[in-house]
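Peer 1: Sequence:
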Amino acid sequence: MSLTGGTKEQVGEEQYSLSKRGAYNYAHRDIWGPREWSMANLWSTENPDGLVSLLLAENNILRHEISMFIKEQIDVIPDNHLTYGIGPRGSRRLRTAAAAFVNDEFRAVEKVTTDNIIVTPGVNSAIESLVWAICNPGDGVLIPRPLYNGFSIDILNRNETHLVGVSYTEIEGYCGLDDLFKPDVNRLALEASLREAEEANIKIRALLISNPHNPLGRCYPTETLEEFMSFCNRHGLHFVSDEIYA
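Residue numbers for the sequence shown follow UniProt numbering, so the first one is 1 and each next one is one higher.
Calculated from the structure, these hints are not laboratory results. The beta-carbon is built from N, C-alpha and C at its ideal position, and this holds for glycine as well. Honestly, I wouldn't trust all of these hints.
Cut-off 30 Å, straight-line C-alpha distance, at most; resulting in silico cross-link-like pairs (DSS-like, lysine-lysine) [what the hints assert, rightly or not]:
{"id": "1", "residue 1": "K182", "residue 2": "K203"}
{"id": "2", "residue 1": "K20", "residue 2": "K203"}
{"id": "3", "residue 1": "K20", "residue 2": "K8"}
Quick list of the computed label-pair ranges, beta carbon to beta carbon [said to hold, decoys possible]:
{"id": "4", "residue 1": "L56", "residue 2": "E170", "range": "30 to 38 Å"}
{"id": "5", "residue 1": "N157", "residue 2": "V102", "range": "25 to 33 Å"}
{"id": "6", "residue 1": "G50", "residue 2": "E172", "range": "44 to 52 Å"}
{"id": "7", "residue 1": "G33", "residue 2": "S241", "range": "27 to 35 Å"}
{"id": "8", "residue 1": "Y26", "residue 2": "N136", "range": "18 to 26 Å"}
{"id": "9", "residue 1": "K8", "residue 2": "G173", "range": "41 to 49 Å"}
{"id": "10", "residue 1": "I70", "residue 2": "G217", "range": "19 to 27 Å"}
{"id": "11", "residue 1": "I86", "residue 2": "G50", "range": "38 to 46 Å"}
{"id": "12", "residue 1": "R21", "residue 2": "L94", "range": "28 to 36 Å"}
{"id": "13", "residue 1": "V102", "residue 2": "G165", "range": "24 to 32 Å"}
Work out the full structure: start from the sequences and follow the hints.
Peer 2: If you want it as structure tokens, here you go:
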């Protein structure tokens with residue numbers, strides 16, 4: 001493709017009739033191309049010159065055993081699963097089972113109903129949809145650092161919302177990674193990041209965590225989760241917990 005006569009962004013908007021948002025992403029946010037290139041050339045005994053990827057938390061050693069277990073345990077009924085089904089929110093049978101699980105496992109203060117559950121194709125889609133629903137363009141979402149790099153895609157690319165990383169290095173009481181899970185350190189860090197966002201005219205709408213933490217792999221203790229909830233309650237924020245690895 002020739003880019004003669006304009007920037008890549010202009011080509012996207014004029015030649016391909018993209019929106020300004022789509023043209024900007026086309027020109028400046030090619031996040032999948034490099035990843036697809038690297039994942040297509042992974043090391044194996046048949047490809048000894050391939051790359052060893054440290055990007056993904058995949059357990060390839062157990063992959064075969066897990067796939068065989070799934071095949072043995074799950075019986076898919078084709079005539080039910082090869083249709084549009086009841087609608088785009090997901091199977092009512094699945095949502096009813098999920099609601100019962102949440103009520104039983106987490107002892108919800110308010111009973112979760114089938115209609116409270118929406119099924120999405122992965123947690124990334126769920127987070128992107130949620131951010132779209134609770135944030136306006138230019139608003140922000142607080143996320144403790146270090147953080148899962150996919151959050152930047154979910155929050156930024158289509159929602160035009162700021163990812164505001166919560167920094168701990170200058171916080172009183174912080175000496176190392178263990179301190180990232182302490183309630184007092186988190187309270188100080190969150191309040192500091194919220195003030196900085198407000199000074200930058202970024203309206204914070206939510207606090208998003210991953211629990212177990214991604215990439216550190218540890219669960220937050222109860223008292224720290226309570227601190228997160230108290231912080232959100234004080235400032236009228238949504239509290240979002242990504243628990244895909246729970």
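Peer 1: Are the hints correct? Go through all of them and say.
Peer 2: Now the hints, each set against the structure:
For a cut-off of 30 Å, the pair hint linking K182 to K203 stands: about 26 Å separates their Cα positions. Restraint check for K20 and K203: the C-alpha separation of about 23 Å stays at or below 30 Å, so the hint holds. In summary, the hint linking K20 to K8 is supported, as the alpha carbons are separated by about 12 Å, within the 30 Å threshold. As the Cβ distance of L56 to E170 is approximately 31 Å, the hint placing it in 30 to 38 Å holds.
Distance hint for N157 and V102: a CB-CB separation of about 29 Å, consistent with the stated range 25 to 33 Å. The given range of 44 to 52 Å is respected by G50 and E172, whose C-beta atoms sit roughly 46 Å from each other. Under the hint 27 to 35 Å, the C-beta atoms of G33 and S241, about 31 Å apart, fit the expected range. For Y26 and N136, the Cβ-Cβ distance of about 23 Å falls inside the hinted range of 18 to 26 Å, so the restraint holds.
For K8 and G173, the hinted distance range of 41 to 49 Å is satisfied, since their beta carbons lie about 46 Å from each other. Between I70 and G217 the CB atoms are about 23 Å apart, so this pair conforms to the stated range of 19 to 27 Å. Checked against the hint of 38 to 46 Å, the pair I86 and G50 passes, with Cβ atoms roughly 44 Å apart. For the pair R21 and L94, the beta carbons lie near 33 Å from each other, so the given range of 28 to 36 Å is met.
With their beta carbons about 29 Å apart, V102 and G165 fall inside the hinted range of 24 to 32 Å.
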